[in-house]
Amino acid sequence: MSVRTKRSTLLTGFALGLLMAANPLSATAVDFAHDILPVLKNRCAACHTNGVYKGGVNFDTRETTLRSKSLTPGKSGESALMERVLSTDPEVRMPPKGDAISPKEIAAFKAWIDAGAEWQPGFTFGKTGQSQPLELQPPKLPPAVAGREHPVDRLVDQHQQQHRVTRTKPLDDDAFLRRVSLDLVGLLPSANIAREFHDDTSADKRAKLIDRLLDNRRAYAEHWLTFWNDVLRNDYAGTGYIDGGRKAISDWLYKSLVDNKPYDQFVRELMLPRGDAEGFIKGLKWRGRVNASQVPEIQFAQNVSQVFLGINMKCASCHDSFIDVWKLEDAYSMAAVIAEQPLEIHRCDKATGKMAQASFLWPELGTIDPKLPRDERLKRFGELLTSRDNGRLARTIVNRLWHRLLGRGIVQPVDIMANPPWSPELLEYLAIDLVEHGYDLKRTMRLIATSATYQSQTAPPQDVDSDDYVFRGPLSKRLTAEQFLDAIYDVTNTAPTKAVLATGERDGQPIRASLVIADALQRSLGRPNREQVVTTRPEELSTLQALDLSNGQVMNELVLRGAKHWRGREKNASSEQLCREIYRAALGRAPSNDELAVARELVGEPVADTGVADLLWTVFMLPEFQVIR
Amino acid sequence: MRSAEHSPHSPERREFLKQLSAGALAAWTAGEPLFAQANEADDKIEQPKATADACILLWMGGGMAAPETFDPKRYAPFENGLPVEKILSTFPAIDTTLDGVKISAGLENIAQVMDRATLIRSHVQPDLGNILHSRHQYHWHTGYVPPQTVAAPHLGAWMARLLGPRNPAMPAFIDIGQRLEGVGEKEELKAFHTAGFLGTEFGPFLLPYPDQAIDAVRPPKGMTPERFEARYRKYRELVERSPIGERGSDFQKESMLRAMENAYRLLSSPERKAFDLTLEPKASFDRYNTGRFGQGCLLARRLVESGARFIEVTTEYVPFLHWDTHENGHETVQRLKSEIDRPIAQLIRDLEERGLLERTLVIIASEFSRDMMIEGVPGSTARDQSRAKTDVLKEAKHYGLHRHFTGGTSVVMFGGGMKRGFVYGETADERPLVATKNPVSVSDLHATIFTAMGISPKTLLTVEKRPFYVTEDGKGQAVQQLFA
Numbered sequence: 001m002s003v004r005t006k007r008s009t010l011l012t013g014f015a016l017g018l019l020m021a022a023n024p025l026s027a028t029a030v031d032f033a034h035d036i037l038p039v040l041k042n043r044c045a046a047c048h049t050n051g052v053y054k055g056g057v058n059f060d061t062r063e064t065t066l067r068s069k070s071l072t073p074g075k076s077g078e079s080a081l082m083e084r085v086l087s088t089d090p091e092v093r094m095p096p097k098g099d100a101i102s103p104k105e106i107a108a109f110k111a112w113i114d115a116g117a118e119w120q121p122g123f124t125f126g127k128t129g130q131s132q133p134l135e136l137q138p139p140k141l142p143p144a145v146a147g148r149e150h151p152v153d154r155l156v157d158q159h160q161q162q163h164r165v166t167r168t169k170p171l172d173d174d175a176f177l178r179r180v181s182l183d184l185v186g187l188l189p190s191a192n193i194a195r196e197f198h199d200d201t202s203a204d205k206r207a208k209l210i211d212r213l214l215d216n217r218r219a220y221a222e223h224w225l226t227f228w229n230d231v232l233r234n235d236y237a238g239t240g241y242i243d244g245g246r247k248a249i250s251d252w253l254y255k256s257l258v259d260n261k262p263y264d265q266f267v268r269e270l271m272l273p274r275g276d277a278e279g280f281i282k283g284l285k286w287r288g289r290v291n292a293s294q295v296p297e298i299q300f301a302q303n304v305s306q307v308f309l310g311i312n313m314k315c316a317s318c319h320d321s322f323i324d325v326w327k328l329e330d331a332y333s334m335a336a337v338i339a340e341q342p343l344e345i346h347r348c349d350k351a352t353g354k355m356a357q358a359s360f361l362w363p364e365l366g367t368i369d370p371k372l373p374r375d376e377r378l379k380r381f382g383e384l385l386t387s388r389d390n391g392r393l394a395r396t397i398v399n400r401l402w403h404r405l406l407g408r409g410i411v412q413p414v415d416i417m418a419n420p421p422w423s424p425e426l427l428e429y430l431a432i433d434l435v436e437h438g439y440d441l442k443r444t445m446r447l448i449a450t451s452a453t454y455q456s457q458t459a460p461p462q463d464v465d466s467d468d469y470v471f472r473g474p475l476s477k478r479l480t481a482e483q484f485l486d487a488i489y490d491v492t493n494t495a496p497t498k499a500v501l502a503t504g505e506r507d508g509q510p511i512r513a514s515l516v517i518a519d520a521l522q523r524s525l526g527r528p529n530r531e532q533v534v535t536t537r538p539e540e541l542s543t544l545q546a547l548d549l550s551n552g553q554v555m556n557e558l559v560l561r562g563a564k565h566w567r568g569r570e571k572n573a574s575s576e577q578l579c580r581e582i583y584r585a586a587l588g589r590a591p592s593n594d595e596l597a598v599a600r601e602l603v604g605e606p607v608a609d610t611g612v613a614d615l616l617w618t619v620f621m622l623p624e625f626q627v628i629r
Numbered sequence: 001m002r003s004a005e006h007s008p009h010s011p012e013r014r015e016f017l018k019q020l021s022a023g024a025l026a027a028w029t030a031g032e033p034l035f036a037q038a039n040e041a042d043d044k045i046e047q048p049k050a051t052a053d054a055c056i057l058l059w060m061g062g063g064m065a066a067p068e069t070f071d072p073k074r075y076a077p078f079e080n081g082l083p084v085e086k087i088l089s090t091f092p093a094i095d096t097t098l099d100g101v102k103i104s105a106g107l108e109n110i111a112q113v114m115d116r117a118t119l120i121r122s123h124v125q126p127d128l129g130n131i132l133h134s135r136h137q138y139h140w141h142t143g144y145v146p147p148q149t150v151a152a153p154h155l156g157a158w159m160a161r162l163l164g165p166r167n168p169a170m171p172a173f174i175d176i177g178q179r180l181e182g183v184g185e186k187e188e189l190k191a192f193h194t195a196g197f198l199g200t201e202f203g204p205f206l207l208p209y210p211d212q213a214i215d216a217v218r219p220p221k222g223m224t225p226e227r228f229e230a231r232y233r234k235y236r237e238l239v240e241r242s243p244i245g246e247r248g249s250d251f252q253k254e255s256m257l258r259a260m261e262n263a264y265r266l267l268s269s270p271e272r273k274a275f276d277l278t279l280e281p282k283a284s285f286d287r288y289n290t291g292r293f294g295q296g297c298l299l300a301r302r303l304v305e306s307g308a309r310f311i312e313v314t315t316e317y318v319p320f321l322h323w324d325t326h327e328n329g330h331e332t333v334q335r336l337k338s339e340i341d342r343p344i345a346q347l348i349r350d351l352e353e354r355g356l357l358e359r360t361l362v363i364i365a366s367e368f369s370r371d372m373m374i375e376g377v378p379g380s381t382a383r384d385q386s387r388a389k390t391d392v393l394k395e396a397k398h399y400g401l402h403r404h405f406t407g408g409t410s411v412v413m414f415g416g417g418m419k420r421g422f423v424y425g426e427t428a429d430e431r432p433l434v435a436t437k438n439p440v441s442v443s444d445l446h447a448t449i450f451t452a453m454g455i456s457p458k459t460l461l462t463v464e465k466r467p468f469y470v471t472e473d474g475k476g477q478a479v480q481q482l483f484a
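The listed protein sequences correspond, in order, to chains L and S.
Everything in the first sequence is counted per my numbering, starting at 1 for the first residue and increasing by one.
Everything in the second sequence is counted per my numbering, starting at 1 for the first residue and increasing by one.
Chain L extracted, bound-state conformation (with noise of 0.2 Å):
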C-alpha cells in the first residue's frame, strides 16, 4: 500500500464544515465506479465526452451531464437518460448503435439516478494527467541571483519567483548538521563528526560533510535499506515466508546499497528471473487459491508500475482504470512478460476468454517479442524499463529522493507521476543529472544537499497535496521507526547485539534498527508489514504508539539501561553535568538555563538511574528529537 502522509496546515479554527465537504463516506444502492462508469464508458463515452458532445451531451463529470439535462438526481422517471435508454424507437435509442443496453444495467441506472446519481469525487472523463513526453526535456537554467550559482537554487529561485515566494533563512551548522546526518545516513552526527565539521573553517566543510557522509557505504546502506525495504515489500519475517510463498532479497539489496550499484543496473537486476534479487519480481503467494487481480503475474504489473513509473496500476487490473489512462490490456500486458503460462484476461476476476500479449507499456520505446521465452522477455522488459529515453524511471527516482530530502515531491503524491511538477524544470534538471551522470543515485542527493535550498530552514506546514501547491521551503519530517530507535540506541548504547544480514566485519559500528526482525516497538512506530509497496510512512505518532512509548516495556528498559550506561561513563557527573551531556547527544546542542532547571529536577539531587531514565525518555519523547527540521 502506498501511504500518504500529509502535512496540516493546522488552522485551528478550521470549520467543521469543510471536514464535512472532504468526507469521504457515501453510500448510494448503486456504486458509481463499478455499476455505472463502465457503461457509461463502454457505450456512451465515444460520443458524449472528452471533446465529443454530440447532441451537447456532455457526461465529462456530474456538472456537465447535470448542465445537458440528461438526467434529474432522485428522479429516474423524468430523466432524459432513462428515457433514452429504455427507447425501442430505433431513432431515439441509446446507444444508437449495438445492443441495447441490458435491464441489469438499466436497473441500476434507475437506482442510481434515484438515489441522487452520485459521481466519484474528482471524476472526469476529460483528459487526463499532464501528459509529460515520456523523454526528459532539458530545461534553460536560469541566470543566478544574487550569487546563487547552484542549478537546484536557480531553478527554485524562478520558482519561488514566479510565485513570489520569500525563501526561508539559512540554516545553521548545528541544524544542517543534525538534518543532513539524519538525511544521508540515518543516523545523529557522532560527536567525532560534529567536533570536525565545527572546526573546519573552510567555505566548502558542508560539501566536505556531505560526502563524508555518502562515503560512508555502511552507514548509507544501512539507512536507505530502510527505504528500499518498504518500496520493494522485502523484509526479514512476514506472511508468505510460512511456504515459500514469498523470497527475500536483502542479501541482495545490501550489497547494492553498499555499492552504491547504479539505479538502471539496480532496476535491470531486479527484473531478472532466477538472480539474487528474483524475489522482488515473484511477489508474495499465499497458499490456496487467490483472485485474479491478485495473482503473482498481477503483483509484478502493479508493483513495477507504482515503484519505478509511479504509475497507479491497481484499478487497472481489474478493470480499465476509472482515474487514468490505463487498461486492464496495459496491467495484463506487463503481467504477460512475467508469465510462464498464457495468462488469460480476467475482468473483476471473471474470465474473458481473452488472452495476454506480452508488451511494454510504451511501445514507442522498443517492444517485447512475446513468443520470446519468458526469462528472455524479462531480460528485455528490464532493457526498455530502463532505457534512457524511458524519462519516467529517473523521473520517478529523483523524485522520491526529493521527497525523501525535503519533505515533499516534486510531483505529489511521489505515486501518481502523471500530476503536474512544481517545477518542471527541476525534475527534469534532476532526472537528466542522473541518467548523464551513471544513474549515480549518491549523485543526485549530493546535488540536493548542497543547495542552498535543501540548506535552508523548514517552511512552516502547508498542504502538500492542494493543486496550488507552492515551494515555499523544505519540511519537517518525523523520523521513521529506524531512524528513531538508531538515534535511541545510540544515546543509550543499547544496540542490537546481532543482525539479521551478514553485514561483513563492523570494526565496533552498533547494529542498526533496520538490520534486524521489527519487534513490538518498531512495528508500533511504523515499521510496516511489507505485504504491499509502501513508498512514504505516516507522519503522525498515533495514540497507540504514544502509549507504546508511554509505559511500553521496550522503551522503558531502553531508557533504564541508557542510565546505567550514562551514570557508568560519568561516575562522579553531577546532575547538571549529566543534563548537559545527554542534550548534547540527543539534540546536538547545550540546553538552555530554562530547559537545564527542568532536567535537574526531572535527574534529582543526588543522581539516580530513574531520574537519569526519567531525563533521556523525556528528551526521547520531545518533538524536537522526534522530527527532523
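Keep in mind the hints are simulated off the structure, nothing from the lab.
Source: prediction; values computed, not measured.
Don't take every hint at face value.
No more than 25 Å apart at the CA atoms, straight line, and that leaves these computed lysine to aspartate or glutamate pairs for DMTMM-like [stated by the list, open to error]:
1. S:K234 - L:D468
2. L:K285 - S:D384
3. S:K475 - L:E118
4. L:K498 - S:E187
5. S:K282 - S:E352
6. S:K102 - S:D115
7. L:K498 - S:E185
8. L:K571 - L:E581
9. L:K442 - L:D211
10. S:K389 - L:D243
11. L:K41 - L:D320
12. L:K282 - S:E187
13. L:K110 - S:E472
14. L:K282 - S:E185
15. L:K69 - L:D35
16. L:K442 - L:D519
17. L:K104 - S:E46
18. L:K564 - S:E229
19. L:K350 - S:D473
20. L:K564 - S:E226
21. L:K285 - S:E472
22. L:K140 - L:D440
23. S:K475 - L:D35
24. S:K234 - L:D243
25. L:K350 - S:D127
26. L:K75 - S:E46
27. S:K273 - S:E305
28. S:K397 - S:E327
29. L:K247 - S:E187
30. S:K86 - S:E395
31. L:K247 - S:E181
Per the computed footprint, the stretches of chain S lying under chain L, defined by three or more beta-carbons under 8 Å from a beta-carbon of chain L, are [what the hints assert, rightly or not]:
32. 416-426
33. 464-471
We put the beta carbon where it would ideally sit given N, CA and C, even for glycine.
Starting from the known structure of chain L, arrange chain S on it as the hints suggest.
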C-alpha cells in the same frame, strides 16, 4: 486529472486530526459517533440507525466444529471398529431454553441463555482451494481474502475509525488473548491484526494475557504513579521550553503532543481500573475463571461497562492447538467447551443484568467448521490435513472432527438488536453437512454486524483514489431477518 486522493493518513485523516485539535474535540471526547456529525453536514450519507453501541467478538480460533457445538448432528459414541463415515457428532445433543433447539453436550450453561440468542447455522466460507487457518481468519476479520493491494483493516479498526471510542479514555479497538509473537503463523496473524490503511491510530490495543491487562495501562514496571505524573509534567515543561516551540508549530509536533496526551490520559484515568481483574469480586472472578479465555470474557465485560467500542476475545489461534483439532478432536473439544461454556453464559447474564446486553452485540464465531471426512467442501482441491487418518475407529485419537469444513458453520449472536431465541438457516442432516437454507457469507455477516453498529455496508473510504468498502466492494447485505 488531479483529483484529491484520499487515504486515511491523508486528507480525511488529517482532517480528522485537525478536527480533534479544533472544536470537535468536545464531541469526540463525549463519545459521539463521527457519523452523527457526518450526517448533519451531508444528508446523502444514509447510515442505518444503530441497534448496538458496543461489540464483543468471541473468536473460536482454529475452526470450531459446528456439529460439536451449536449444530449437533447424529451422535455416535466411540466404539472400536466403528466406520468413521457413520460419525457426524462425537457429543450427544442437549436441550436449551429455546424450544426445539438443541446444542451439543458440554455447553449446558450456554444452553440456558439460548433463549436470548440468534443462532445462524448457515454461515459459509469460500473454498480457497487450500486451507490455511490464518488466511481464512484474515478473510473473516477483514472481509477480504489476501493478498490485497491495500492493507485491509480489521473489523474492529473500521469501528474505531468510523465510530471512535465510546469513552475517549478507552481504546476503541481492544484485542484480548492472541499472542502475535512466539506462535506459529504469527506473521499471518499480524497481517490482519492491524488497522491496515486506516493507520495505527485505529489499530488493536493488544492484551494477550487478560490477567496482565492492567500492565498495559499503568506506568511501566517499577515506576510509581507519582513519578510517572512528574515525568509527564516535566516533559510538557521541556516541550514548552524547547526552542522549536518558539518557531511556530508543525503538524508532526501537534500530532505528537496530542497522542502523548491521549496516552497519558488513558494511563492516569479512572477507567483503567476496568483493566484490573484483581478488582473483580472473587465470586464473580471465579465464575469466569476457566483460564485465559474465561478471564478474557470477564475483562471484556468490564471494558464494555467502561465504554469500550469493539473487543475481540479469542480462545487463541495456535496451529494444531485448541479448536485446530487435527487429531484427538473429541477430547480437545470437550476441554474447550469447558473453557468457554461458563464464561460466555456468564457474560451474557452479566450484560443483561447490567442493562447492557440490549446495546452490546456479542458474537461467537470461527473461521470455519470441521468434519470427520471432508476437507474444505465436497469437490475441493484442499489437501487432507488430518493427522489421524483412518476408516474405522481404532484409538481415541481418531475420534473427532479432524478436517476443515467450509460448507456450513454456526455463528451465535446475542443482544445488540438481534432477535432473542431465533434460529436462522440450517445445514444438511447427512454428510456433506453443507448449509441448505439461507446461506450467510462472510460479507453478509459483516454487513449485519456493521448495520447493527450503525454503519452501512456500503460505507467506503478512498485510498490511492480507489474506493475501499467496509464489506467487499460494498456488496455485503445485512440479514434483515436477524434484527428484532
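**Asked** Going through the earlier hints one by one, which of them does the structure break, listed in rising order?
**Response** Violated hints: 1, 16, 24 and 32; rest satisfied.
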